[in-house]
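Residue strings, one per chain:
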Amino acid sequence: MKEMLTTNKLLSRLRDVEFARLMPLLQPVSLSAGERLSEAGQAARFIYFPESCVISCQANMEDGKSAEVGIIGFEGLADITALNGSRPAVHSLNVSIGGSALRVRKDDFERELRRSEGLQQSLLGYSAEYVTQLSQRSACAIFHQVEQRFAVWLLLLADRIKEAVIQITQERTADHLGVRRAGVTVVALHMQAAGAISYKRGNLRITNREMLEAMACECYGTLAVDRPHHTTYM
Amino acid sequence: MGPSPSTALITPRICESLPVQYGKGQTRTPRPDKRLEGFVRICWEGVLMEESGQFPTILIVEDIDWIRSSMRKAVEREGFRVAEARSDAEAFEFAELQSIHLILTEEELPTFKTLMTRLREHPTFSSIPVVIVNPDAEDGTRLGEAYVLADYADISSFLSVLHG
Numbered sequence: 001m002k003e004m005l006t007t008n009k010l011l012s013r014l015r016d017v018e019f020a021r022l023m024p025l026l027q028p029v030s031l032s033a034g035e036r037l038s039e040a041g042q043a044a045r046f047i048y049f050p051e052s053c054v055i056s057c058q059a060n061m062e063d064g065k066s067a068e069v070g071i072i073g074f075e076g077l078a079d080i081t082a083l084n085g086s087r088p089a090v091h092s093l094n095v096s097i098g099g100s101a102l103r104v105r106k107d108d109f110e111r112e113l114r115r116s117e118g119l120q121q122s123l124l125g126y127s128a129e130y131v132t133q134l135s136q137r138s139a140c141a142i143f144h145q146v147e148q149r150f151a152v153w154l155l156l157l158a159d160r161i162k163e164a165v166i167q168i169t170q171e172r173t174a175d176h177l178g179v180r181r182a183g184v185t186v187v188a189l190h191m192q193a194a195g196a197i198s199y200k201r202g203n204l205r206i207t208n209r210e211m212l213e214a215m216a217c218e219c220y221g222t223l224a225v226d227r228p229h230h231t232t233y234m
Numbered sequence: 001m002g003p004s005p006s007t008a009l010i011t012p013r014i015c016e017s018l019p020v021q022y023g024k025g026q027t028r029t030p031r032p033d034k035r036l037e038g039f040v041r042i043c044w045e046g047v048l049m050e051e052s053g054q055f056p057t058i059l060i061v062e063d064i065d066w067i068r069s070s071m072r073k074a075v076e077r078e079g080f081r082v083a084e085a086r087s088d089a090e091a092f093e094f095a096e097l098q099s100i101h102l103i104l105t106e107e108e109l110p111t112f113k114t115l116m117t118r119l120r121e122h123p124t125f126s127s128i129p130v131v132i133v134n135p136d137a138e139d140g141t142r143l144g145e146a147y148v149l150a151d152y153a154d155i156s157s158f159l160s161v162l163h164g
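From first to last, the protein sequence lines stand for chains A and B.
Quick note: the first sequence uses my numbering, first residue 1, plus one each step.
Quick note: the second sequence uses my numbering, first residue 1, plus one each step.
I should point out that these hints are in silico values taken from the structure, not numbers from a laboratory.
Where hints are given, some of them may not hold.
Said to hold, decoys possible - Okay, the calculated beta carbon distance ranges per label pair:
#1 Ile-128(B) x Ser-198(A): 53 to 61 Å
#2 Gly-34(A) x Gly-144(B): 22 to 30 Å
#3 Gln-42(A) x Gln-98(B): 29 to 37 Å
#4 Asp-139(B) x Asp-16(A): 24 to 32 Å
#5 Glu-90(B) x Asn-203(A): 31 to 39 Å
#6 Pro-123(B) x Arg-205(A): 28 to 36 Å
#7 Gly-144(B) x Arg-87(A): 37 to 45 Å
#8 Asn-203(A) x Thr-124(B): 40 to 48 Å
#9 Gln-98(B) x Asn-203(A): 54 to 62 Å
#10 Pro-110(B) x Gly-41(A): 24 to 32 Å
#11 Glu-90(B) x Arg-105(A): 52 to 60 Å
#12 Arg-201(A) x Glu-90(B): 28 to 36 Å
#13 Glu-218(A) x Ser-69(B): 17 to 25 Å
#14 Glu-62(A) x Trp-66(B): 38 to 46 Å
What the hints assert, rightly or not - As a list, the in silico DSSO-like pairs of lysine-lysine whose alpha-carbon atoms are at most 27 Å apart:
#15 Lys-2(A) x Lys-200(A)
#16 Lys-162(A) x Lys-9(A)
#17 Lys-65(A) x Lys-113(B)
#18 Lys-2(A) x Lys-65(A)
#19 Lys-200(A) x Lys-73(B)
#20 Lys-2(A) x Lys-106(A)
Stated by the list, open to error - Partial chain A-side listing against chain B, Cβ under 10 Å, derived:
#21 Gln-145
#22 Val-146
#23 Glu-147
#24 Gln-170
#25 Ala-174
#26 Val-179
#27 Arg-180
#28 Val-187
Beta carbons are placed, not taken as given, at the ideal position from N, Cα and C, and that holds for glycine.
Bound conformation, chain B alone (with noise of 0.2 Å):
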């Protein structure tokens, strides 16, 4: 059974007390964030969504599997849905069917450059952020048109930055 949006509101305090449902039965209470003014968190029957009744997803791009699957879990761990892809081409599928707010990737995959000049060449995609996790990294270093973040824990002050 799908949440509805119109009986679906509780206030986020009562949100961040209440256990969601992540991947593979894992449940766990979401941590408060303060910073996430962006995006106003609303729990109903363990479902995380956006006041807009849209889901905050990541799209993780590593082809990679080990990676992907750690990097799934820290990105599940900041109380995020996540999809998976492999590819530039994979990502592109999934982002036809379903909308994204963020793409997670790293400088090493094989088809970086490809996935960087076709989201930039896209007319919708043009505008999703890219983020690459880099603990050596400055703060706002950029790599490219991608942001890098120094902890996957930053991706939520980022995306309220991001969207005022």
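Looking at chain A on its own, in the form it has when it is part of the complex (with noise of 0.2 Å):
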């Protein structure tokens, strides 16, 4: 029953009643590639739990550069780090792949969180996943080459839309990664003469799976959701 009201894991793996309580709370939002949801330095007020959508956790250096750190799809919710009372946000929130969530207003969440210990334990699993990823990508960031992170973000990315074309533009994966759009280009061009990826003007395309695997570093791992059985797309 809750799988055919939402695709979004953390919310159909409630128990029926707990999720009974929560979802008159939920609402239906359609959200948009490179729409900013949080500011770094404000209160969230909604928390998202992605369905289709894909959710970037930046971190924003006062030189302009920025960076993902976290990246949360329909596995979690965004974002874990605004469950702590009225304290701004450190990060900023951005769509990297728009589709549909659903959001709750943060103060309705918390005090469904106080009363309910199903979703107390829930979130506290999410929560050390979320680490998890934040940890195992803070060692992927200054061990591993850019190929290598670029290969394990498209992975992370693909498994959470569960398609092989992604809509996004070098400038945005640029930001993503923290490095300038140049080496992304050089990175994707060398990538698709290898036969890994296509990329056209925002559109890029998993042509073999298998071989971006083996691109990626042992990162991808670590940090795999929901991995596909299947090596290369059709």
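Since each chain comes alone in its own frame, lean on the hints to assemble the complex.
Shown next as structure tokens:
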């Protein structure tokens, strides 16, 4: 029943009674790629449960540079760090891949969280997953090359949208990876020449998933959620 | 031993089948490129050169080492001779010493604006085309006075059009 109402895993795995209490508070929203959901320095108003969209948690530096520190899809909620009372957010939330989500007012969600042990347990499990993601990606950014990180990031996106075609420009990719656009271009063209991807003006297609996984570093093994059984897209 | 244009003339057809030495001992066979009408390629003892006896040289201006190195590989794959500079100052030093057919750079280079201004105002170097590769750009896009191409593979046809 719950699976028919939402594809968000965190919600669909709640007990029926907890889901039933939360459901009237959830508002379906359609999010567009590039949309900014919350700003660093401000308290979040909503908690988002992605369904088909992917949300990026981004660190923005004073000189205008930015980099993605966390990626959130159907497996989680954005942003778990907002559940800290009224303290302002450290990072901003941006939509990487447009699609559907359910959102709830933060105050309402925190009230439900206080009285629902099942919801607390569920969030505790997700917190552990999210911290694992953040810490692994920190190590990845230190030890691994841009091509490996780019390959991991594409696989993480593809696993969340369950498609081989990713609508993203190289300029936005650069913002996510924290590198210059020209750096993304040389890496993407090399991946394209190798046959792993094809790219044309904002449309990136994974043409050989097996090859892309081979280009990725070991971090993908730690970070993968719902990794598809097949390794090559048709 | 350097090439001698008088004895080095081999038809482009033969040139296409000969392996060419690039960079750090990498050898490959240049692929035929019918679009490159402005530069008749002549091969002699593994050296690629123009009909005039000058090497077609692309100067890469990029301050980040790994991006510059990746650009170099991409451009060398297209069969061009490559020189590197990390800033506008280094680019001008090189240009004073050797002729350049094209400058390849990127818009986020910290000295990009200075580079473009200095080139525009220079009596000799103002004619050197500056190219940025950005696959997101529409065909024919310009960034100020820089040309924007979708791929490094487009540099050959760009030069052939530019040189008529």
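Cross-check of the supplied hints:
1. Ile-128(B) x Ser-198(A): 53 to 61 Å: Since Ile-128(B) and Ser-198(A) have Cβ atoms about 32 Å apart, the given range 53 to 61 Å is violated.
2. Gly-34(A) x Gly-144(B): 22 to 30 Å: holds (25 Å)
3. Gln-42(A) x Gln-98(B): 29 to 37 Å: With a Cβ separation near 54 Å, Gln-42(A) and Gln-98(B) fall outside 29 to 37 Å, so the hint is violated.
4. Asp-139(B) x Asp-16(A): 24 to 32 Å: With a Cβ separation near 56 Å, Asp-139(B) and Asp-16(A) fall outside 24 to 32 Å, so the hint is violated.
5. Glu-90(B) x Asn-203(A): 31 to 39 Å: This hint holds: roughly 37 Å between Cβ atoms.
6. Pro-123(B) x Arg-205(A): 28 to 36 Å: violated (47 Å)
7. Gly-144(B) x Arg-87(A): 37 to 45 Å: holds (44 Å)
8. Asn-203(A) x Thr-124(B): 40 to 48 Å: The hint (40 to 48 Å, Cβ to Cβ) holds, given that Asn-203(A) and Thr-124(B) are roughly 42 Å apart.
9. Gln-98(B) x Asn-203(A): 54 to 62 Å: Distance hint for Gln-98(B), Asn-203(A) is violated at roughly 40 Å.
10. Pro-110(B) x Gly-41(A): 24 to 32 Å: holds (27 Å)
11. Glu-90(B) x Arg-105(A): 52 to 60 Å: holds (56 Å)
12. Arg-201(A) x Glu-90(B): 28 to 36 Å: With Cβ atoms ~33 Å apart, the hint holds.
13. Glu-218(A) x Ser-69(B): 17 to 25 Å: holds (24 Å)
14. Glu-62(A) x Trp-66(B): 38 to 46 Å: Cβ of Glu-62(A) to Cβ of Trp-66(B): about 24 Å, so the range 38 to 46 Å is violated.
15. Lys-2(A) x Lys-200(A): violated (38 Å)
16. Lys-162(A) x Lys-9(A): Between Lys-162(A) and Lys-9(A) the Cα gap is close to 14 Å, so the pair holds against 27 Å.
17. Lys-65(A) x Lys-113(B): Roughly 19 Å between the alpha carbons, so the hint for Lys-65(A) and Lys-113(B) holds.
18. Lys-2(A) x Lys-65(A): violated (40 Å)
19. Lys-200(A) x Lys-73(B): holds (21 Å)
20. Lys-2(A) x Lys-106(A): Holds. Lys-2(A) to Lys-106(A) sits at ~22 Å (cutoff 27 Å).
21. Gln-145: Where the cut-off is 10 Å and the nearest Cβ of chain B is about 8 Å from Gln-145(A), the hint holds.
22. Val-146: holds (7 Å)
23. Glu-147: Since the shortest Cβ distance to chain B is 9 Å, the answer is holds.
24. Gln-170: holds (5 Å)
25. Ala-174: holds (9 Å)
26. Val-179: holds (8 Å)
27. Arg-180: holds (5 Å)
28. Val-187: holds (7 Å)
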